[in-house]
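Visitor: Chain residues, written in single-letter form:
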Amino acid sequence: DAGVTQSPTHLIKTRGQQVTLRCSPKSGHDTVSWYQQALGQGPQFIFQYYEEEERQRGNFPDRFSGHQFPNYSSELNVNALLLGDSALYLCASSPFGTRTKSGANVLTFGAGSRLTVL
Amino acid sequence: RKEVEQDPGPFNVPEGATVAFNCTYSNSASQSFFWYRQDCRKEPKLLMSVYSSGNEDGRFTAQLNRASQYISLLIRDSKLSDSATYLCVVNLLGNNAGNMLTFGGGTRLMVKP
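Here the protein sequences line up with chains P and B, keeping their order.
Residue numbers for the first sequence, in the working numbering: 1 to 118.
Residue numbers for the second sequence, in the working numbering: 1 to 113.
In case anyone wonders, no lab produced these hints; they're calculated from the structure.
Any given hint might turn out to be false.
Distance windows between CB atoms, simulated [to be verified]:
1. P:F69 / B:C40: 30 to 38 Å
2. B:M110 / P:I12: 42 to 50 Å
3. P:T14 / B:E56: 43 to 51 Å
Just so you know, even glycine gets a beta-carbon here, dropped at the ideal spot from N, CA and C.
Just chain P, with the same shape it has in the complex (with noise of 0.2 Å):
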């Protein structure tokens, strides 16, 4: 069972530019979120995205872009590339509605993609 897939495993970027990265979820998850790991920080939510819309954003300015599509698979879009996007980031997936007995869904990660910004 093939879990949360995403690429390309690392690029390299230079300022103004523009990047597009893949993610296909787990096999049965319908909801795909996106996270912003910078060197050294712990991850920082996005977006996410369940049915094709986006459900809910993190304080990310509007070059953070993404969308799903009907496979449930998605895509996170960064415009204007500044020197501070370099991170790695993180798609998750989950079966939305499902919670854990805590009541709240428990993500599977992908590897990420490690972007680099010249």
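Place chain B on chain P using the hints.
Guide: Chain B in isolation, oriented as in the chain P frame:
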């Protein structure tokens, strides 16, 4: 003030030692709490959920103090393989909270032979 705060460490301990990590969170409305483990250059993986009554999973014990808004993780009989970064995570549940997890910055543990 960060929403979830952790001592970044590193905590350097010998094999077999007991080590404890604490974490504080600022939003009193937070409903769900977790510890995740992250190995170097890998993705975070759920270690355990944290319940109000406290819970144990083998050598790992997690506690939640809602009044003081802190969460703890105790690791007994540390193994070399426990070396990793431990992330404290909270989830603000609500109609739209979904999976918007808030992570602390992580505490790095290094277990030495």
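Visitor: Do P:F69 and B:C40 keep their Cβ atoms within the hinted range of 30 to 38 Å?
Guide: 32 Å, holds
Visitor: May I ask you to test the hint 42 to 50 Å on the CB atoms belonging to B:M110 and P:I12?
Guide: 30 Å, violated
Visitor: Regarding P:T14 and B:E56, is the given constraint of 43 to 51 Å on their beta-carbon distance met?
Guide: Hint holds: Cβ distance 50 Å, inside 43 to 51 Å.
The structure does not agree with numbered hint 2 stated previously, though it agrees with all others.
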